[in-house]
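Chain order of the listed sequences is A and B. Start counting the first sequence at 88; every next residue gets the next number (this note's numbering). Start counting the second sequence at 7; every next residue gets the next number (this note's numbering).
Calculated directly from the structure, the hints in this document are not laboratory data. Any given hint could be a false lead.
[Unchecked claim] Output of the computed footprint for chain A on chain B, the stretches with three or more beta carbons under 8 Å from beta carbons of chain A:
| # | segment |
| --- | --- |
| 1 | 65 to 74 |
| 2 | 219 to 231 |
[To be verified] Here are a few chain A residues that face chain B, going by a calculated C-beta distance under 7 Å:
| # | residue |
| --- | --- |
| 3 | Asp109 |
| 4 | Met113 |
| 5 | Phe118 |
| 6 | Ser122 |
| 7 | Leu144 |
| 8 | Glu151 |
| 9 | Lys153 |
For glycine and all other residues, C-beta sits at the position ideal for the given N, C-alpha and C.
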Amino acid sequence: MTDAAMRMPGTTVFEMHVFAMDVLAMEDAGFVLGSYALSAVAILALVAATLRRARRLAPLVRDEDKPWT
Amino acid sequence: MRGTGTATTRGIGVVALACMAWVVWGGLVATPRDVVQGDAVRIMYVHVPSAWVAYLAFVVTAVASAGLLFGPRRSLGFDRVAGASAEVGVLFMGLTLVTGSLWGRITWGEFWQWDPRLTTTAFLFVTYLGYLAVRGLDGAPEQRARRAAVVALLAVLEIPLVHFSVVLWRSLHQRASVLDPGGDVKLDDLMLFTLFVGVVAFTCLYTWLVLHRSRLAALVEVAGRGELDRAIAARRAEAGA
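Given the sequences, and given the hints that come with them, work out the whole structure.
Now the structure itself:
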């Protein structure tokens, strides 16, 4: 993406740049973004741990013992 | 080989992701700043849904526990749902405390105050950590399930205390803005919409997690039984040889 394209409204890079500038320009950005980041990391960690353990155990159990399937 | 996912969980996951994307965009960019709180209000879009889901999770834990203790079909399936729901509830209660502390640092200048709402919420969080510890105690599966169910039915009584703490005592924490008993909602339409989408997103996420984690608990149980059967068979073979 060239500099001209980056400055052009309507392009993805331009919109992302505006988005990032808007977000970083807010008051107390560290606290606000921190609350979103912490929530995302905690939720994704639980989702990943759940899926990983399920994938590890699934081959050890017959499909007949999985009433949800 | 099939895991814990189904078409339903995949559908719920897609809805949760779509709503989450809106919460991030709407919460950080599209919604206006608050006249009084400034940009700190943006924390509300994750803080309030987290608190709602934690309450919901603990109520579901209590209902499933009641099903186990008093229901006509006292299946251990109730215990698996109760446990999964409490685990997810503890995560969201923890997030409520952390995001609330970050909001408090901006608004009050302090991460923590021994305020009625904050203190009762922390107490609720610790109670459910205790509930999870009780679930891990030794005993036959039925005995453990009944013991945990009694604790769950007692622990859920704290929720009204937490929710009404801002009314019962003088509190730094603001009173309900949306669920105001007077019906006077003091929020901009887009802010209210984003908050609503956040509640939908977190509720879908909760449902997805509870479905997967209760099925995972079933897998752990069956796999554990299989290992036990294999160990007994090996011992018998040794004794016979």
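Would you list, in rising numerical order, the hints stated earlier that this structure does not obey?
1, 8
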